[in-house]
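Enquirer: Which chain is which? The protein sequence lines are A and B, in order.
If you read the first sequence in the working numbering, its first letter stands for residue 1, the second for the next number, and so on.
If you read the second sequence in the working numbering, its first letter stands for residue 1, the second for the next number, and so on.
Where hints are given, some of them may not hold.
Derived DSS-like pairs (lysine-lysine); straight-line CA-CA distance at most 27 Å [unchecked claim]:
#  : chain 1 : residue 1 : chain 2 : residue 2
1  : A       : Lys-47    : B       : Lys-162
2  : B       : Lys-234   : B       : Lys-222
3  : B       : Lys-95    : A       : Lys-36
4  : B       : Lys-226   : B       : Lys-244
5  : A       : Lys-55    : B       : Lys-222
6  : B       : Lys-157   : A       : Lys-47
7  : B       : Lys-100   : B       : Lys-59
8  : B       : Lys-244   : B       : Lys-234
9  : B       : Lys-234   : B       : Lys-95
10 : B       : Lys-201   : B       : Lys-212
11 : B       : Lys-204   : B       : Lys-100
12 : B       : Lys-157   : B       : Lys-226
These are computed hints drawn from the structure, not numbers from a lab.
These numbers were taken from a predicted model, which means no experiment stands behind them.
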Amino acid sequence: MRRAVGSGLLIAVALLTLAFLALPIVGIFVHTSPGKLLHQLSNPVVKDAFLVSVKTSLLAQALILLLGTPTAYLLATRRFFGHSLAVTLVELPLVLPPAVAGIGLLTALGREGLLGSSLSALGVTLPFTQTAVTIAVAYVASPLYIRQAIATFEATDPHLTAASRTLGAGPVRTFFRVVLPLARGGLIAGLALSFARGLGEFGATIMFAGSLQRVTQTLPLAIYQEFDIQPDGFTTALAMSGVLVLISAVLLLTLRIALTWQRSPSSRSLSLFGLSSSV
Amino acid sequence: MQIRRSRLASLTAVAVLALLAGSTSSATPRAQAAAKTQITVYAAASLTNVFPAIDPHEKYSFAGSNALATQITQGAPADVFASANITLPKTLNQKGLCSKPVVFTRNTLVVVVPKSNPAQIRNIYDLTKPGVKIDIAQSGVPVGTYTLQILNNMNLKAAVLKNVVSQETDVREVLAKVALGEADAGFVYSTDAKTVTGKVKVIKVPAWAQPKVQYGICVVSKSADKSAAQAFIKLVLSKAGQKKLHKFGFLARVKPAPKKKHKK
Numbered sequence: 001m002r003r004a005v006g007s008g009l010l011i012a013v014a015l016l017t018l019a020f021l022a023l024p025i026v027g028i029f030v031h032t033s034p035g036k037l038l039h040q041l042s043n044p045v046v047k048d049a050f051l052v053s054v055k056t057s058l059l060a061q062a063l064i065l066l067l068g069t070p071t072a073y074l075l076a077t078r079r080f081f082g083h084s085l086a087v088t089l090v091e092l093p094l095v096l097p098p099a100v101a102g103i104g105l106l107t108a109l110g111r112e113g114l115l116g117s118s119l120s121a122l123g124v125t126l127p128f129t130q131t132a133v134t135i136a137v138a139y140v141a142s143p144l145y146i147r148q149a150i151a152t153f154e155a156t157d158p159h160l161t162a163a164s165r166t167l168g169a170g171p172v173r174t175f176f177r178v179v180l181p182l183a184r185g186g187l188i189a190g191l192a193l194s195f196a197r198g199l200g201e202f203g204a205t206i207m208f209a210g211s212l213q214r215v216t217q218t219l220p221l222a223i224y225q226e227f228d229i230q231p232d233g234f235t236t237a238l239a240m241s242g243v244l245v246l247i248s249a250v251l252l253l254t255l256r257i258a259l260t261w262q263r264s265p266s267s268r269s270l271s272l273f274g275l276s277s278s279v
Numbered sequence: 001m002q003i004r005r006s007r008l009a010s011l012t013a014v015a016v017l018a019l020l021a022g023s024t025s026s027a028t029p030r031a032q033a034a035a036k037t038q039i040t041v042y043a044a045a046s047l048t049n050v051f052p053a054i055d056p057h058e059k060y061s062f063a064g065s066n067a068l069a070t071q072i073t074q075g076a077p078a079d080v081f082a083s084a085n086i087t088l089p090k091t092l093n094q095k096g097l098c099s100k101p102v103v104f105t106r107n108t109l110v111v112v113v114p115k116s117n118p119a120q121i122r123n124i125y126d127l128t129k130p131g132v133k134i135d136i137a138q139s140g141v142p143v144g145t146y147t148l149q150i151l152n153n154m155n156l157k158a159a160v161l162k163n164v165v166s167q168e169t170d171v172r173e174v175l176a177k178v179a180l181g182e183a184d185a186g187f188v189y190s191t192d193a194k195t196v197t198g199k200v201k202v203i204k205v206p207a208w209a210q211p212k213v214q215y216g217i218c219v220v221s222k223s224a225d226k227s228a229a230q231a232f233i234k235l236v237l238s239k240a241g242q243k244k245l246h247k248f249g250f251l252a253r254v255k256p257a258p259k260k261k262h263k264k
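Pulled out of the complex, with its shape left as it was, chain A reads as follows (with noise of 0.2 Å):
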């Protein structure tokens, strides 16, 4: 009896949480008939933050996953002085405010900051640029791959990279055959939240590169800009919502699918954000 109470409070709490997480994303979709929500996407502004996002967030998640793999791999597979300030820096823009981390890529890259002047000397200024959009997503967005990857990486069996290396197989080949198809899965989860928080970057982005349409405009500063302008505004924003949490959601289904396939038995220790292996 009691436990029936029990197991019935649970289901009541969990419902009110789904429920509680599922109202804004149903708010987005029955605000506005889906023709009119349809209808926007045809709209320039929309199409222009749409290609905006794409392209700034291809190159970000390029440059994180060019830059962030060997450097995750490094840091899962050796121990050495200063490794937890590493292992820090590379995850605190996950938990620092987006608009301190605008505020900082100012100061460091900004004409007036410390670089600016070495940067303008090579005939380069990055704020109000697309390359500055692709650097604030970049930014914010790879903690969460480098945090993933080297939690695949640890969670890689050792044995079997030893016994690659006693087969005859150099380090660099040892990690492109053994390591990196065992890590796949994992690493491709990293990279579909990466790109799910890079696509959805706002404060960074409107601090250090501004926000102007097709070129510096992404979806979240353009859901932002169209809200304030009535009356349709209010629903050209509705439909950039309804297309960010479509892709967010396929995103997630992808690092899903990707965890399940990465789940082979030296890799039982890996779980979405990495956190067990921190613990």
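Given chain A, work out where chain B should sit, using these hints.
Expert: Quick look at chain B alone, frame taken from chain A:
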């Protein structure tokens, strides 16, 4: 431990009682007369410095006037709406969302450049030079609309818009990016430029090209304390309020035009 816990409990009880007392006292008219209730004022970003100087006791939310108007439309708990134009409060008034607005001050626009003036802007026509990084407010924001009016008046719209690198959601963001030295120039109100005198240089916009910048204020219809809201507006319109506005560089609410001949 036992003692400490009981003390904590009594402290909590006192705090809860105080909160309850606070919330009930605001409902009784006598307490209201004794301590004026705090109202929430939604005001244009350009009023960020002057409004708290006129009345430091209210709660303020400063942002682009259009963003505030949207929030009020969505039911935000504002008592007073002070906009950097008269059209937004008029629109709200027509929708029954606020009282009939009155003009409480006027303003002018200027161009600001960083103190170091990296693009060497000497006059407004220099803004058309290729490669100048110009920051303006987006067109839905009052100051953005005024900026476009100036550019239209001076026949510079196409040439200047080509150089725009970012469109901000309120005037203070434009000011910040110029003061930081990231943008080469931006259009802001003359009153904004005065708040960062050490960091920017001001380039005047000719009087003939200036748009009509009138600030409108109204009582939000859903306000729970309309008399306090009305009192705030009265204060802004009073001699003291106008004096403060003048001190911060705002213009008299009525343009001192050459007086019309009185029919006697």
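Enquirer: Against this structure, judge whether each hint is valid.
Expert: So, going through the hints one by one against the coordinates:
Between Lys-47 of chain A and Lys-162 of chain B the alpha-carbon distance is near 20 Å, which keeps this suggested pair within the 27 Å criterion. The straight-line distance between the Cα atoms of Lys-234 of chain B and Lys-222 of chain B is roughly 19 Å, inside the 27 Å bound, and the hint therefore holds. A C-alpha spacing of about 23 Å is found between Lys-95 of chain B and Lys-36 of chain A, which places the hinted pair at or below 27 Å, so the restraint holds. Under the criterion of a C-alpha separation no larger than 27 Å, the hint pairing Lys-226 of chain B with Lys-244 of chain B is consistent with the structure, at around 24 Å.
Annotation: proposed proximity of Lys-55 of chain A to Lys-222 of chain B is violated, straight-line Cα distance about 45 Å (limit 27 Å). Between Lys-157 of chain B and Lys-47 of chain A the alpha-carbon distance is near 25 Å, which keeps this suggested pair within the 27 Å criterion. The straight-line distance between the Cα atoms of Lys-100 of chain B and Lys-59 of chain B is roughly 22 Å, inside the 27 Å bound, and the hint therefore holds. Under the criterion of a C-alpha separation no larger than 27 Å, the hint pairing Lys-244 of chain B with Lys-234 of chain B is consistent with the structure, at around 14 Å.
Among the hinted pairs, Lys-234 of chain B with Lys-95 of chain B is consistent with the structure: their alpha-carbon atoms are about 23 Å apart, no more than 27 Å. A threshold of 27 Å between alpha carbons decides the hint, and for Lys-201 of chain B with Lys-212 of chain B the separation of about 23 Å falls inside it, so the pair holds. A threshold of 27 Å between alpha carbons decides the hint, and for Lys-204 of chain B with Lys-100 of chain B the separation of about 33 Å lies outside it, so the pair is violated. Between Lys-157 of chain B and Lys-226 of chain B the CA atoms are separated by roughly 43 Å; this puts the pair beyond 27 Å, and the hint is violated.
The earlier numbered hints that this structure contradicts are 5, 11, 12.
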